[in-house]
Structure formats: C-alpha cells, structure tokens
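Next come the chains, spelled out residue by residue.
There are 2 protein chains.
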Amino acid sequence: MQKVKNIQFKNVDIEGGFWKQRYDLNRFVSIDSVYNRFEDTGRNDALRFNYEKGKSKPLHIYYDSDVAKWIEAVSYLIEKNGGYEKEQAEIDKMVDAMAEHQLDNGYLNSYYIQVEPDKIFTDRTCHELYCAGHLAEAAIAYDRATGKHKFLEIVEKYMDCIEKTFIKDRSARFSTPGHEELEIALIKLYDYTGNKKYLDMAMFFIDTRGTLEEQEYEFAEHNYAQSAVPVRDLDMAEGHAVRAVYLYIAMSEAAIKTGDKNLLNACERLFNNIVNKRMYVTGGIGSAKLGETFTVDYDLPNLEAYSESCAAIGLSLFALSMQQSGLNAAYADVIEKIMYNNMLSSTSLDGKAFFYENPLEFHLASVDKETSVKPQFRSHLPIRHRLEVFACSCCPPNVNRIFARIGDFFFSEYGDSLVINQYGAVSLKNEKINLRMKTDYPINGKVKFTLKDNKYSKVILRKPSWCDQFTVDGAKYQLKGEYIQVEPNMEFSVDFKMKPYFIQANPMVRADNGKVALMYGPTVYCLERIDNPYELNALSVRLKTKFKKIKNPNYLLPDLETVGFSDEAFDSLYRKANNDKNPVKLHFCPYWTFANREECDMIIWIRKL
Amino acid sequence: MQKVKNIQFKNVDIEGGFWKQRYDLNRFVSIDSVYNRFEDTGRNDALRFNYEKGKSKPLHIYYDSDVAKWIEAVSYLIEKNGGYEKEQAEIDKMVDAMAEHQLDNGYLNSYYIQVEPDKIFTDRTCHELYCAGHLAEAAIAYDRATGKHKFLEIVEKYMDCIEKTFIKDRSARFSTPGHEELEIALIKLYDYTGNKKYLDMAMFFIDTRGTLEEQEYEFAEHNYAQSAVPVRDLDMAEGHAVRAVYLYIAMSEAAIKTGDKNLLNACERLFNNIVNKRMYVTGGIGSAKLGETFTVDYDLPNLEAYSESCAAIGLSLFALSMQQSGLNAAYADVIEKIMYNNMLSSTSLDGKAFFYENPLEFHLASVDKETSVKPQFRSHLPIRHRLEVFACSCCPPNVNRIFARIGDFFFSEYGDSLVINQYGAVSLKNEKINLRMKTDYPINGKVKFTLKDNKYSKVILRKPSWCDQFTVDGAKYQLKGEYIQVEPNMEFSVDFKMKPYFIQANPMVRADNGKVALMYGPTVYCLERIDNPYELNALSVRLKTKFKKIKNPNYLLPDLETVGFSDEAFDSLYRKANNDKNPVKLHFCPYWTFANREECDMIIWIRKL
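If you read the sequences in order, they're chains A and B.
Quick note: the first sequence uses this note's numbering, first residue 2, plus one each step.
Quick note: the second sequence uses this note's numbering, first residue 2, plus one each step.
Calculated from the structure, these hints are not laboratory results.
Certain hints may be false.
[Unchecked claim] Selected chain B positions facing chain A (in silico; Cβ < 10 Å):
id, residue
1, 222
2, 224
3, 225
4, 378
5, 379
6, 467
7, 502
8, 506
9, 508
10, 512
11, 534
12, 535
13, 567
14, 572
15, 577
16, 609
[What the hints assert, rightly or not] Here are the simulated distance ranges between beta carbons:
id, chain 1, residue 1, chain 2, residue 2, range
17, B, 351, A, 368, 39 to 45 Å
18, B, 576, A, 368, 28 to 34 Å
19, A, 549, B, 572, 31 to 37 Å
Ideal Cβ placement from N, Cα and C applies to all residues, glycine included.
All chains, please: the whole structure from these sequences, using the hints.
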C-alpha cells in the first residue's frame with residue numbers, strides 16, 4: 002500500500018533562507034535551552050539514575066520521555082551535522098547508568114525503579130509504555146547517528162520485557178498503553194532492525210486497543226485514551242489530542258506497512274475529520290484545556306484555545322505518514338499549515354522559550370475575570386508568554402526534535418517521480434538526483450530548481466492550496482489536480498503568486514462567524530494590540546483593501562499594513578445601533594511572531610464589514 | 002434624603018392588559034406550582050418542625066428562606082385580593098409549629114434546631130441570618146395582610162436573640178451575615194413597627210461588613226460576600242450577584258432613611274457600575290456560573306451567561322429603592338428593562354416552571370462538548386428548559402413574591418407631583434387621586450390617563466429611554482430631561498411611538514462586537530432555531546430593514562419578521578473569504594417567550610451587516 006516514499010532528512014540540506022535560520026535557531030539555541038532547564042529541574046538526573054530520596058529533586062513519571070526526546074533531537078543533529086561531543090559524552094553516561102540500573106528482566110523506567118519499584122506496570126495512567134516508546138525512538142536515532150549500539154541493546158532488552166509482560170504472560174495490570182507512543186517506536190524498531198517481532202508487538206497494541214475494559218483517569222471516558230472502540234471503528238478524532246494523533250501515526254505506519262485497508266480507511270476518516278472539522282487555522286488541534294482534548298466538530302473557540310504544541314507536531318507526523326498512502330496534496334498542505342504557523346509559534350523569537358498551549362487570541366481583560374473566587378478556581382486561559390520549561394515539559398523537546406528533522410517534510414518519491422512537498426532553500430542529494438531549490442519562500446512564492454544527475458522521469462510540484470495563480474518557466478508542465486507535473490530540465494522555476502488574502506471559516510464555526518483571517522501564502526497573520534492600540538474585537542476590515550509590506554528587523558517575513566475600522570466608542574452599555582466607525586491603520590504581523598514583546602491583546606480573526 | 006416616595010401596591014390595581022395576565026398567572030398558577038413542589042420536596046415540612054431523622058426527607062439549611070418567600074408572596078396576594086383561606090390555615094399551622102419549637106433564647110431555624118443544634122451560629126456560610134431575614138419579611142407581610150400577630154411576635158423574639166448574640170454579646174463565631182438579606186428585613190421591621198432598634202441593628206450589620214476578617218467559602222475571596230472593604234468604599238459590583246444586590250438594597254434603604262450621604266454615594270457608584278458595565282441587555286446580572294458572581298466590566302458572555310432570576314429581581318428592588326433618592330429616570334428605566342425581559346423569562350408561559358439561570362444564548366452543539374471527560378467535569382452551560390423546582394430553589398418563590406408586588410413599580414410621589422414610572426392598564430386610588438391608565442403597553446406606547454379627585458399639582462411621566470418620539474394630547478406639558486411634566490387634566494393621553502429598532506452594545510463588550518439586538522419598546526427579541534432553521538450565528542441583518550408584526554396566539558406581544566441573510570454553507574473548514582450570503586426570512590419572538598417549545602438554539606445578538 003506504500004505508494005509514496007518519503008525521503009528522510011539525511012540526504013536533505015537546509016541551505017539557506019527561512020528554514021536555515023529556523024533550523025539553526027533550534028540547533029544552536031533551543032537545544033541548549035531545553036538541556037539547561039532539564040538540568041535545573043532534575044530531569045536529566047532521571048536517566049543518570051542518581052536519585053536519593055529526600056535529597057534529590059522529585060522524580061516524575063514522565064521524565065524519561067522528556068530527556069529521551071531531547072536525546073532524539075540531538076541525535077538527528079549529530080546524524081546530519083556531526084558534532085555535539087559534549088552532549089554525546091553526557092548521553093553515553095546516561096546510557097551506562099541505564100545499563101547498570103536496568104532490571105534483570107529488562108524493565109527500564111527511572112521513576113519506577115528508583116521510587117516505586119513495587120508498582121511497576123500497575124497503573125495504566127502512569128506513562129510507563131509512553132516513556133518506553135520515547136526511549137526506543139531516542140535509542141534508534143542515537144544508534145543511527147553515532148553507530149554506538151549500547152542504548153539500542155538496552156532498549157531491545159526492555160522490549161523483550163514488555164513483550165513477555167504484556168503479550169506472552171499478560172501479567173501487567175493493564176493491556177494497552179494509557180498514552181500511545183510505544184506503537185510508533187515499535188514500528189521504527191522494526192524498520193531499523195528488520196526484526197518482525199517489533200511490528201507484531203505494535204500490531205498487538207494497536208489491535209488490542211479499544212477491545213477491553215481498561216483503566217482510565219478518574220475524570221475520563223474511555224474515548225479519552227482512544228480505548229472506547231477498536232481502532233478500525235474510529236471515525237472522529239476524540240480524546241486527548243496528543244494521545245490521539247500518536248495513535249493515528251502508528252495506525253497509519255502499520256496500515257501502510259501491512260496493507261491493512263481497514264486500518265488505512267480509519268486513518269483517512271480521522272484525518273479528514275480533523276482537517277475538515279477540528280483544526281485551527283494555525284494547524285493547531287485539541288481545542289479544550291479540559292483533558293487537553295478534542296471536543297466536537299466545529300468547536301474552535303479562540304480565547305480558550307488549547308492547541309498544544311505536541312498535538313500539532315503529532316498531526317504533522319500523522320500527515321507525513323499518510324503522505325505515503327498515495328499522491329494526495331491534502332497531507333502536505335496540512336503539514337505546510339502547521340510548519341508555518343503552530344510549529345513556529347511554539348518557540349520564542351530568541352529560541353529559548355516555548356508555548357505549551359498556542360493561543361488563538363489574547364484578551365487581557367478576560368484573564369482572571371472571576372475576581373471573587375480564589376485564583377486556583379478561576380477559568381483557565383492560556384499563558385501570555387513562552388516559558389523555558391514547564392512542570393509537564395513535553396513540548397520543548399518535541400519542538401527540538403521536529404526542527405532537527407524538518408528536512409523530512411520536503412521530498413518524496415512516487416514511482417519514478419520526485420515529489421516536492423514543501424518549498425525552501427533546500428537541496429537533495431542522493432543516488433538519483435542532486436537538486437537544489439533557490440527561494441525566499443514563504444517571503445515570496447518564487448522557487449528556482451537546479452537539477453544535476455537526475456534519474457527521475459518527472460518532478461511533481463505540489464501547488465500550495467492557497468495559490469490561485471502560478472507560472473512555470475524553463476520546463477514543460479501539466480497541472481494535474483493539486484500537483485504540477487514537470488518534465489525536468491536542468492533548470493526551471495515556478496512562481497506561486499503570493500499576495501495577502503483573507504480566509505473565512507466554515508459558517509458552522511461559531512467562534513469565527515462574520516470574521517476573516519489575513520494570510521500571506523501559508524502564513525497566518527494576527528493583530529497585536531501593541532501595534533494596534535484599540536479594542537481588537539471592535540476592529541473590522543473590508544475584504545477589498547490594499548496592503549503595504551513593512552520590513553520587520555526581527556524576522557524575514559514582512560508585516561502587513563492596511564486600513565480598517567474601529568467601532569465608535571460611547572459611554573453607555575447599550576444604545577441604538579448605527580454604522581458609525583472610524584478608519585484606523587491596521588498593522589498585522591505573522592501569527593507565529595506574536596507574544597515576543599510585552600503582554601498584550603492579540604487576535605487572528607477580525608470582523609469583516 | 003428621601004425625595005421621592007414610592008407608592009406601594011396596596012393602592013394600585015392591575016386592571017387589565019399585559020400585566021393583569023401576568024399577575025394572574027402568578028396568582029392562580031405559579032403560587033400553587035411552587036407550593037406543590039415545596040410540598041413534594043419536604044420544604045414546607047421545614048417550618049412544620051416535623052423532621053424525623055432517617056424517616057423525613059433531608060432538611061437543608063436554606064429551606065426556611067424558600068418557604069418564607071412563598072409565604073411573603075401569598076401574603077401580598079391576600080393583602081391585595083383577600084382569599085387564600087386554605088393557604089392561611091397551612092401558614093397558621095407553620096406559625097404554631099415555629100412558636101412551639103423556637104428556642105427559649107428566641108433562636109429559630111428549622112435546620113439547626115432539628116438537625117445540628119450544637120452548630121448554631123458557628124458557620125457563616127450556612128445561611129442562618131439569611132433565613133432569619135426572609136422569615137422576618139414573611140412575618141411582616143403576613144401580619145399586614147391578615148392582622149394576625151403571632152408570626153411577627155416570633156420573629157421579634159428571634160431578632161432579640163440575634164441582637165444579643167451578634168451585637169451585645171458578640172458570641173457567634175462570625176460577625177456579619179454570609180448572605181445578606183437580614184439587613185433588608187431589619188429596615189422593613191423598623192418601618193413596620195417603628196422600633197428604632199431594628200434600624201440600629203441593620204446599621205450594625207451594614208457598618209460592620211468588610212471591617213473584620215470573616216469566614217468565606219473555601220473557594221471564595223472576601224469580595225465574594227462583599228466583605229473585603231467597608232461598604233462605603235465599594236465602587237464595583239463584585240462577588241455573588243444576589244448577595245451583592247441584597248446588600249445594596251439595604252444600603253440604599255438605610256442611606257435614604259438616615260441621610261447618610263457617603264452610603265448613598267456608594268449606592269450610586271454601584272448602581273452605575275452595574276448598569277453601565279455589568280448588565281445584560283435583558284437586565285440580567287452576574288455573568289459567571291463560577292460562584293454565581295459578577296466578573297469584570299464588560300464581561301457579558303452570551304452562551305455561558307448565568308444571569309440568575311433572583312439577581313435581576315434584586316436589581317429591580319435596588320433600583321426601586323434608589324428611585325427614592327431623587328427624580329432620576331435611570332432607576333425606573335432599569336426596572337422596565339428587567340420587568341419586560343429577565344423577570345418575565347424566569348417563568349414558563351404556562352406559569353408552572355422557572356429558570357434559575359436566564360440564558361442569553363442556546364447553542365445545542367456546544368452542550369457537553371468535552372465528550373471524552375465524564376459529564377460532571379464538563380463545562381457548564383445553562384439548562385435549556387424551565388423546571389418546577391431546583392435543589393437550591395430560591396428563584397421560584399422569589400418570582401412569586403415579585404409578581405405579587407408588581408404594583409409597587411408603577412407610581413411614586415415627588416413633592417406634590419405624581420410620578421408615573423411604569424405603564425400598564427393599572428389604576429391608583431388613594432387620598433390624593435383616583436387615576437386610571439388605559440393602555441396595551443408594551444404592545445404599543447399609547448397610554449390614556451383618566452384622573453378623578455386629583456390633588457397633585459403635576460403628573461410627571463417618565464419618558465422611556467427607548468422612546469425617541471412621543472406626543473401628548475389633552476394637556477399642557479414640558480419635557481424636562483427624561484420626564485414629561487404634565488399639567489393634569491381629567492383626561493389626557495401620551496403616545497410613546499413604538500416600532501422595532503436595533504441596539505448595539507458598547508464596543509468593549511467582546512461578546513457582542515459587530516452585533517445588534519432587536520427591541521420593540523422595552524422588549525428584547527430573540528431568534529429561536531425552531532422558527533429559523535439555520536445556524537443562528539451564521540445569520541446577519543441590515544440595520545435598515547422592514548418588519549412585519551405577526552400575531553402569536555400564545556402571548557399578547559407580536560412576533561416580528563424581517564429579511565436577513567445566512568452565510569453561504571461550504572464543505573471545507575476554511576476557504577478564501579467572500580461576501581456570499583443568502584437572503585432568509587428571520588422570525589423574531591419576544592425574548593421572554595423563548596424555550597417554551599422544543600429545545601433549540603436561540604440568540605439575542607445577531608450580526609450586523
């Protein structure tokens with residue numbers, strides 16, 4: 002069933018432009034920032050197995066996964082760029098500690114071994130298999146990057162333990178992971194080692210899920226952890242958004258590897274449900290803070306949006322996996338939406354701090370509005386500035402690893418064609434081609450392709466869904482659906498005509514009725530009050546309006562200025578309605594750059610006149 | 002400081018039209034409905050003192066207040082219309098039981114005497130003084146209506162106990178009522194008995210409030226029960242909305258009686274804060290379910306609106322009291338807003354069922370939207386149909402007593418002038434005048450006045466704030482501010498030109514930006530989906546539009562029809578914005594008639610094109 006083969010970052014060079022800047026910010030700043038805060042908070046100590054009760058900082062059940070994701074990210078950077086000797090030394094020490102403390106039966110979890118050894122595999126909500134999955138993903142990446150096998154050997158021993166406990170003996174108190182992730186790792190283990198046992202284990206956990214009565218959090222229904230029905234019967238994205246998309250990634254990978262059509266159909270239904278009914282314009286998903294969950298179709302509130310960084314990252318990887326199922330631009334389109342919006346907004350401009358929730362609106366006056374109940378009982382709104390670390394700090398190392406593998410998103414093979422999924426100043430060098438894109442994308446839509454040693458019969462360019470008009474120079478081409486099939490010459494160029502435009506949401510989206518969002522290419526724009534000293538919700542705009550591009554010294558994309566209107570202020574609470582309004586200058590900035598100055602109101606969706 | 006004297010319902014006859022229908026619905030249906038459900042739920046048994054542990058239905062700390070409010074309502078109806086012999090017999094039996102079970106020191110609370118006698122006056126959050134206040138209000142009303150003094154004597158003995166415990170000995174575990182109400186009752190006791198002790202007691206509780214560290218609910222800040230600062234320093238309506246307005250009523254009554262200018266200033270600030278920044282268009286107040294509280298200025302969400310019936314009733318009584326401080330139409334204007342909207346919406350068309358919360362919007366798709374957390378953890382939205390009784394059933398008997406005294410709102414005296422505050426087919430007969438209004442108000446704005454035996458030098462008509470145009474026939478008049486001063490003839494008439502119009506909210510109200518509400522005279526209109534089979538939030542309307550009046554067989558006011566627009570439906574979640582929309586017929590009904598058919602979406606605020 003694998004019709005498209007994604008080309009992995011190993012052969013992809015981020016050479017310049019927008020993505021080079023972004024890649025290096027992660028490589029040289031974010032990686033260190035996350036490591037340092039993990040050091041401060043005792044997280045790295047988890048895998049050093051140096052916990053002393055009463056002396057050490059408290060350990061948490063998910064610390065292994067935090068550190069593992071950081072190791073995975075560093076491994077990707079080592080694989081691509083070498084270096085990181087100091088970090089490698091630290092990781093090697095952790096690997097030694099893991100080897101030393103791994104139980105005889107192969108069990109490996111820093112929290113349970115050091116803090117609650119009598120509770121191993123007794124509580125489904127306690128992330129043991131989730132941590133196991135992240136350790137495995139880290140071990141694979143580290144093995145591939147460094148050729149050092151010790152970490153992977155440890156992990157394989159742990160997988161034997163899991164196989165015995167959960168599949169052979171069924172001796173654990175639960176049957177499937179309370180937080181999916183292990184399934185993804187098992188399929189990667191199968192890919193990396195060729196050992197079919199790992200695919201079988203993955204299929205066991207995928208197939209068992211939703212077929213048994215399992216423990217959930219006290220507040221949760223079974224659909225919270227996607228355990229209410231067998232996975233092939235799923236047709237709506239429900240429950241904890243990160244858990245959900247992590248499951249869907251594994252389902253998609255498994256379906257494509259095994260040719261399981263029912264499983265792939267479920268993945269398609271779930272993908273379509275998300276993209277057509279449950280996704281913010283930024284690519285964010287999971288609208289409710291309550292349980293960090295998906296809610297119902299078209300429920301996309303802006304002020305209360307949860308939109309966790311990990312969830313959008315997960316959705317991008319789900320789409321990347323689904324991209325292998327056939328030539329369907331919808332997948333790369335969603336990836337583009339996430340890459341240029343929710344994924345970027347997750348990190349501060351200086352690369353050091355991160356959003357867990359990615360707000361769709363700030364309205365300072367609504368913060369802590371229940372003034373007569375104690376703060377801990379007030380309604381939750383997202384924080385208004387990024388932090389370097391969180392109590393539950395899953396997102397920062399997830400950001401580390403997604404930017405470290407950003408090269409994975411650009412190219413795939415379809416038969417004897419090369420597919421260009423994303424655009425950037427990026428090159429691909431493998432046994433079939435030496436291709437270079439020269440572009441300022443997403444600052445404009447011009448991309449110049451230079452090809453050497455090409456053995457592909459066609460180069461298939463995805464036409465971004467935002468693009469109404471394009472030109473191709475220097476090659477014959479045909480537009481087929483959302484793809485431009487090019488007869489490759491040594492040089493050709495495409496120009497996806499890029500200008501500011503407004504989009505609207507489906508009328509079923511209550512939060513956005515009568516409103517529009519400004520876009521420029523794939524980039525969502527927003528209004529911050531620091532640039533627009535008005536009540537932002539009292540602003541409006543006409544669809545036909547002219548924009549001026551304003552260079553901002555802090556990032557490559559232009560800010561955009563136009564004329565809008567502000568509702569006339571008055572003193573009373575209500576008055577007879579009129580159409581009075583005042584013209585005002587509106588200054589939009591790229592959404593992902595928001596909240597990098599002082600705390601202030603922000604909106605994406607502005608009223609349309 | 003009393004410049005205006007409100008004329009009480011005793012001399013006011015509700016003769017016909019809109020208010021006769023409404024008055025009789027309460028008199029002949031709602032009173033019975035509340036009594037019967039109070040009987041079913043064991044509430045009436047509270048004051049029968051027949052509780053047997055393990056056998057009786059459980060008693061609750063606030064049952065005395067529920068029954069007392071019902072007795073007060075019946076007493077008003079007896080005072081005005083006589084009758085209710087069966088109810089009087091029931092009440093007399095309760096009075097005998099109260100006399101029998103009242104403690105020697107005068108203490109009287111059915112819950113504490115029968116269930117937790119060792120906890121008397123130990124917990125400020127347990128409504129003892131609130132219940133005491135309602136018993137006192139009921140006793141005064143019953144005494145005045147029937148001339149039977151036993152109930153009042155019991156209450157006076159209880160007040161002695163409260164005076165000794167809280168003022169002389171200070172032996173209770175708290176100093177001021179956790180829920181205000183007693184203060185109102187004490188001032189009424191002073192008015193009714195002439196005993197200044199009661200005014201002094203009221204002033205003690207008013208003056209002490211906010212000056213001492215007092216117990217609050219675990220979730221609450223001190224401003225929840227208006228206990229954070231001395232009452233004269235209050236300048237924002239904060240905390241539990243019913244508690245707040247009950248305090249303000251007492252403050253206003255006290256200020257006017259004692260000439261306490263600082264206290265009156267505080268009342269004016271609080272009234273203005275509510276009316277200019279914290280009141281729904283229906284007259285509802287207290288926007289948050291969380292603590293049933295006021296939040297911050299301009300925070301008036303529609304979908305989540307709390308807007309408790311008791312709170313709006315309290316605000317109407319606060320305004321009625323403030324009306325005595327001077328000739329200021331703002332007070333009667335707010336009363337009118339409440340009378341024709343939140344007060345009416347509290348009750349079903351059949352008179353039997355009630356809203357506790359008065360929703361400003363229904364959106365069925367948002368109900369229980371957190372599908373993957375258990376129902377008890379999901380976000381709260383108001384119920385979508387009225388109930389005959391609630392677990393905490395304060396609102397239904399409050400509805401009973403406000404409609405039983407609706408005659409209080411129409412007339413007041415200002416020097417040697419008669420002020421007409423509200424309009425209706427109502428007559429006033431006292432030693433100074435025999436006045437009759439003939440009108441279909443609020444179906445139209447024509448009011449014909451017939452005067453006999455008039456000794457007032459002027460009749461001052463309040464010009465409703467919604468009225469831009471009016472004519473006076475048959476008398477000389479002068480418009481002074483918001484009042485029309487008429488040289489009274491035996492017959493004259495006024496026509497407040499009434500036609501449908503749209504209002505808008507202050508641009509600071511985030512929930513209503515870009516929207517308008519349809520009004521007809523004082524009546525707010527709404528759209529119910531049962532009449533308008535569209536996504537209601539996808540509808541819009543132009544300000545300049547023509548309306549057709551449609552007679553509805555279920556109520557006197559007309560429904561209103563016009564042409565509006567529905568946003569064009571499409572399949573995807575987002576698309577390039579356009580202005581496409583389809584013209585649709587919009588059928589508006591009076592807000593207070595909503596939710597009397599099947600459960601369906603409802604909006605008041607509709608987008609303005």
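**Report entry** Violated hints - listed by number, lowest first
**Finding:** 11
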